[in-house]
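Undergrad: Assembly of the complex is requested from the two constituent chains, each provided in isolation within its own frame, with the hints serving as guidance.
Quick mapping for you: the protein sequence lines, in order, are chains A and B.
At position 256 of the first sequence (counting the first as 1) the number is 256 in our numbering, and the numbers step up by one without a gap.
At position 115 of the second sequence (counting the first as 1) the number is 115 in our numbering, and the numbers step up by one without a gap.
I should point out that these hints are in silico values taken from the structure, not numbers from a laboratory.
Be aware that a few hints might be false.
Said to hold, decoys possible - Reference excerpt, derived from the structure (chain A facing chain B, CB under 8 angstroms, subset only):
hint	residue
1	4
2	7
3	21
4	28
5	168
6	171
7	173
8	176
9	177
10	257
11	261
Claimed, not checked - Label pairs and their computed distance ranges (CB to CB):
hint	chain 1	residue 1	chain 2	residue 2	range
12	B	179	A	72	17 to 27 angstroms
13	B	188	A	241	52 to 62 angstroms
14	A	160	B	368	22 to 32 angstroms
15	A	65	B	276	35 to 45 angstroms
16	B	272	A	228	47 to 57 angstroms
17	A	54	B	298	38 to 48 angstroms
Backbone N, C-alpha and C define an ideal beta-carbon position, used for all residues, glycine too.
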Amino acid sequence: MNYQLNHLKELESESIFILREVAAQFENPVLMFSGGKDSILMVYLAQKAFHPAKIPFPLLHVDTGHNFPETIAFRDALVEKTGARLIVGSVQEAIEKGMVTEEKGFSASRNGLQTVALLEALEKGKFDAALGGARRDEEKARAKERFFSHRDEFGQWDPKNQRPELWNMFNGKKQYGEHFRVFPISNWTELDVWQYLAMENVDLPSLYYAHEREVFERDGVLLANSPYIQKKPTEVVKKMMVRCRTIGDVTCTGVWASQAVTTEQIIEEVATTRMTERGGRTDDKRSETSMEDRKKKGYF
Amino acid sequence: MDYKSSELLRFTTAGSVDDGKSTLIGRILYDSKSIFQDQMEAVEASSLRRGESEVNLALLTDGLKSEREQGITIDVAYRYFSTPKRKFIIADTPGHIQYTRNMVTGASTANVALVLVDARNGVVEQTKRHAIIASLLKIPHLVVCINKMDLVGYSEETYENIKEEFERFASKLEVNDVHFIPMSALKGDNVVDRSINMPWFGGSTLLYYLENVHIGSDHNVIDCRFPVQTVIRPQTDEYHDYRGYAGRIAGGSFKKGDEVMILPSGFTSKIFKIDTFDGELEEAFPPMSVTLLLEDKIDISRGDMIVRVNNKPEVTQDIEVMICWFNEKPLQLRGKYAIMHTTQDVRCMIKEVKYKMNINTLHRDLEDLEIKMNDIGRISIRTTKPLFVDSYRKNRITGSVIFIDEGTNETVGAGMII
Chain A
1 MNYQLNHLKE
11 LESESIFILR
21 EVAAQFENPV
31 LMFSGGKDSI
41 LMVYLAQKAF
51 HPAKIPFPLL
61 HVDTGHNFPE
71 TIAFRDALVE
81 KTGARLIVGS
91 VQEAIEKGMV
101 TEEKGFSASR
111 NGLQTVALLE
121 ALEKGKFDAA
131 LGGARRDEEK
141 ARAKERFFSH
151 RDEFGQWDPK
161 NQRPELWNMF
171 NGKKQYGEHF
181 RVFPISNWTE
191 LDVWQYLAME
201 NVDLPSLYYA
211 HEREVFERDG
221 VLLANSPYIQ
231 KKPTEVVKKM
241 MVRCRTIGDV
251 TCTGVWASQA
261 VTTEQIIEEV
271 ATTRMTERGG
281 RTDDKRSETS
291 MEDRKKKGYF
Chain B
1 MDYKSSELLR
11 FTTAGSVDDG
21 KSTLIGRILY
31 DSKSIFQDQM
41 EAVEASSLRR
51 GESEVNLALL
61 TDGLKSEREQ
71 GITIDVAYRY
81 FSTPKRKFII
91 ADTPGHIQYT
101 RNMVTGASTA
111 NVALVLVDAR
121 NGVVEQTKRH
131 AIIASLLKIP
141 HLVVCINKMD
151 LVGYSEETYE
161 NIKEEFERFA
171 SKLEVNDVHF
181 IPMSALKGDN
191 VVDRSINMPW
201 FGGSTLLYYL
211 ENVHIGSDHN
221 VIDCRFPVQT
231 VIRPQTDEYH
241 DYRGYAGRIA
251 GGSFKKGDEV
261 MILPSGFTSK
271 IFKIDTFDGE
281 LEEAFPPMSV
291 TLLLEDKIDI
301 SRGDMIVRVN
311 NKPEVTQDIE
321 VMICWFNEKP
331 LQLRGKYAIM
341 HTTQDVRCMI
351 KEVKYKMNIN
361 TLHRDLEDLE
371 IKMNDIGRIS
381 IRTTKPLFVD
391 SYRKNRITGS
401 VIFIDEGTNE
411 TVGAGMII
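This is chain B alone, in the form it adopts within the complex (with noise of 0.2 angstroms):
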């Protein structure tokens, strides 16, 4: 196995119990062979005590006393399995309690994000609410898994019916690549092996397709975006001078050589170095970590950005956005909340509510305005200082900002910049 020429991918699921969520975890991690001994005893063990007929794969998952206890997940798990070509970090989300907070936190740096689909049921609400998000968070890839085939006698007809009732509803919303698989987490067809059950199903396994989809052009490699996370200054006699603006890629190319300009100053210079441990690189992109060294003295700090002479980004006070709410407290209109976008950290005045989202239906609601917990909805805000933003569409990380309470310092709410 060459581990140095393996990618990771990411991706989200999100369903309930009853959809065969856990299942089909248990399953991929099962069958790709990335569940432990010394864990599996201890799920076989954990079931038998709590009378369970069968080895309850969500206990693999559900590490909290208090999951356990009501049979629940509670949070974002994070697992973690890989095969030869990829490594893979599942986000796995609850779909009742906390349900737009869990979803919207793991989709927020999914590649593919994982729709399940119980074959009896066909496209129901909670399909709905689940595609409906991975749409705004802009997930690149969407895989419709549509499960419990076993269940419908691995009915052709059965599947295109739910296929075509899916696209006929997705296609209200804003994504550009789905994929449909048939499958049986239960009983193991197509998720890691290929189904005998069903040959009239020509594509792929679910393992395959998260193994081989294109990633690639997940990231934004066109318009540079270099938000300063911290100036490095060694002050040392050997590196007297050094003045080392040091953070992660958010889009583009930086090349040594280009020319350069820094918000909010608006001083343009030109890339002298970019600079890591492992010695100086020609070229970086997205989502590496360094260190840009610029031609001239400049004045640079935490929170400023490093971008193209002739590709800025919208330098604004005020912006809309697409929230997301998570606190018991609703969004309190005309209130002040902290923020954070990219490095940059400010205060923000909530000025408007447009609208509130159905996340069922899409419905926009102009009449009840009140965002509370669980909440999407599309508002405008003005903030202390100017940002350097880009639509989400274009950019997930500058198009991106978390709200903050003031009060609590808790983070209540995402946005999406528009």
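With the rest of the complex left out, here is chain A (with noise of 0.2 angstroms):
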């Protein structure tokens, strides 16, 4: 008998482990649902933990309202598939009722109003632990992050005063008020995320795949024509065949240039980028530490 697990199998279970950590250490847990694959990975990881129960958490959606339609369709057929539950919370109603203010200009997007929505929800459903999908490979201040990562009551991260986590052991001790954000895709890259939608066959949003599109440049990254982004006099849209490596809010979400139809001919590709994923998100180009500083304030 051969006692070794392959690295996809490995990160599958230390996952698992996480996620019922999480159910047996929390009262009220959600998992935070972008509708990337990554929460997707996430919800099969979850209904993996707890077979043949159904997932012990709701699902939370924390929806701009400049979607891709095509997020909206397949969350709703996922939630109906797992009979999971699901909560939206909408950066819409926030900016309706005052709590933020819509970002004007070329660049505007509402990402950064995310944070407030998000909270608001975090506190509506009194939840004290929110699962989200960040991987450490995705951006610098992600690789400092804990899987169990604690907010304090205005939902901060402090990221020079951390708790240790050695072995296999999590720490999910809180004062009231407090919550934790938990991460049990950190030692995942994209490799092993497309490599592992492969191995155990998940379906994806057709987003992910190589489609024709219509999409313009702006800054070196090509972005996906929207009514909710304005475009300035110079930019010019042609259509393409593109396909999205993140799928975010559509106004900072790029988009890349790829003849990648099958999950196969994406690890080809992913195995080959020299470029990555986020490489195509304006949200993360604002400044050097822009993930930090949205992330000390609370964002996902």
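TA: Structure (structure tokens):
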């Protein structure tokens, strides 16, 4: 008998362990669901962790109102299939209530406004642990993130004063009013996610595969043409074969020229690409530490 | 590339900027083509803005604002790369600030530790400290990277002297597998590519070693230990009587039909089924996450442990541990702390501090018994409930505990059961 797991099965086992720890250590967890491949992977792993029972916590989607329509259709089908409960936090509502002010101009995005809607939804639901599909390889501030990440009563992250995590013990103790962000797929890379989704035959939204779409170029990044983005006069819309590597708000998610129409072709593409997947995210490009700055305030 | 047969290897690096640690990591990532173009461009632009003459590869790992400002690494940074044979997780730990806390954290899950030695300086205090921590944390494999060989004329004699010096010191430690590699991270000798400057060295390059070192025996597959994490009860018509014990196997191999004992109750039963989402398994071993179903209805909950009838851990409230202390507030003798051990959550009292260890010399200090931040010492504790423990030497999972301050909820210490 060869007592050795392949790397994907070992990552899977680690993530399942974390998901079960969350169910055991917290009273009211929630899974933050964006509609992207990482949160789809999270839902799939949660199904595995609690099989044959249903996922013992609801999914929370913070809706910017500026989605790709494919994302919402996929989300609703997934909820139907898994029998999970869905909660929607709305940025549109936060704007209407006057809690946040919409950004203006060419690079206006609701991405930053999500934080307010997210914290509001967490507070309203009295959630004490919010599970997220962030990975350490995505971004340099996320490379320092813990599996169990403590947040104070304002939802703030204090990167210089994090609890050390040793062996496989995760300290989820907290004061009343504080909560945790938990990242079960911290150790996965983009390539691991794709290899795993291929190995397990997991369904994904069509946006991830190459398709023809109207796009225009801005600061070296291809953006999907949509009514939510104000174009500059010099920006020309053209039709191209593209695919998304990450899916977020339409206004800040870059698309990539690609011919990859199957998961195996995507793996090939990801293995040889020279750009990180967040290289297309204009929200990360605002400054050198824009992710860290947003995370400290409670961004996911 | 067949990713379905690729293994996972975790390694830790410890050292300061001066050892060339960041350069070494940068070199591994760069030569294995794991640095992306946009990351490289961002680092180049940032180095230029700071007025640095060369591209500062440390900026790849130092992600936090204050780290960039101060030019130091504050926290453990995790980096990832893969080759067709293996996927690697690097826990990159800083050598100075909070060194014990960070090194111990990085070392706790590592298969391999890289200890860097500057060939010009030989074995120094920091080298010893790293090796001692690697040995205390029972990292199965140790690689001594004798770096900056380009600055000593690629001298075989220098390499041999350092190797001998390290071996003499390491004979006092419990490390089984030590490997030496002469290299220049800056020039790329023996990191990914073989050095043409050191034809006298017959060993493998660092990457070849990391890709091929045998890690199949790093888990304990003999002593069966299954800490119960949570109980799965679907309570649906289809699974009306389903009662599964979910957990991650901490040791040994469990097979369908095995006779097992449940701790602390001492009841025995047989494994009726090893269940997963992907179907039933005949056998399960570490570090698999599975769900065990037993033949008999027994009251089992989180914190209980399923073991073999004829191979039990020690069931005890009095435990001796080597403790590493992480907090500014020193360890309080007779003080009470919350502790976590596998899936158990109990309280303990510190009964006695036996000695404090000098982690640069291994010397035992019997006089100064105050365990302060970054100190390591041997203590005895009494817990409110019995724990099911093995020695850390035998099993890194059932042999480890963490200490939590009951006022602040911070993790203040890590212990290895003796």
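Undergrad: For every hint, state whether the structure bears it out.
TA: Hints versus structure:
no., hint, result
1, 4, "holds (5 angstroms)"
2, 7, "holds (4 angstroms)"
3, 21, "holds (7 angstroms)"
4, 28, "violated (15 angstroms)"
5, 168, "holds (6 angstroms)"
6, 171, "holds (5 angstroms)"
7, 173, "holds (4 angstroms)"
8, 176, "violated (11 angstroms)"
9, 177, "violated (13 angstroms)"
10, 257, "violated (15 angstroms)"
11, 261, "violated (20 angstroms)"
12, B:179 with A:72: 17 to 27 angstroms, "violated (54 angstroms)"
13, B:188 with A:241: 52 to 62 angstroms, "violated (39 angstroms)"
14, A:160 with B:368: 22 to 32 angstroms, "holds (29 angstroms)"
15, A:65 with B:276: 35 to 45 angstroms, "holds (39 angstroms)"
16, B:272 with A:228: 47 to 57 angstroms, "holds (55 angstroms)"
17, A:54 with B:298: 38 to 48 angstroms, "violated (25 angstroms)"
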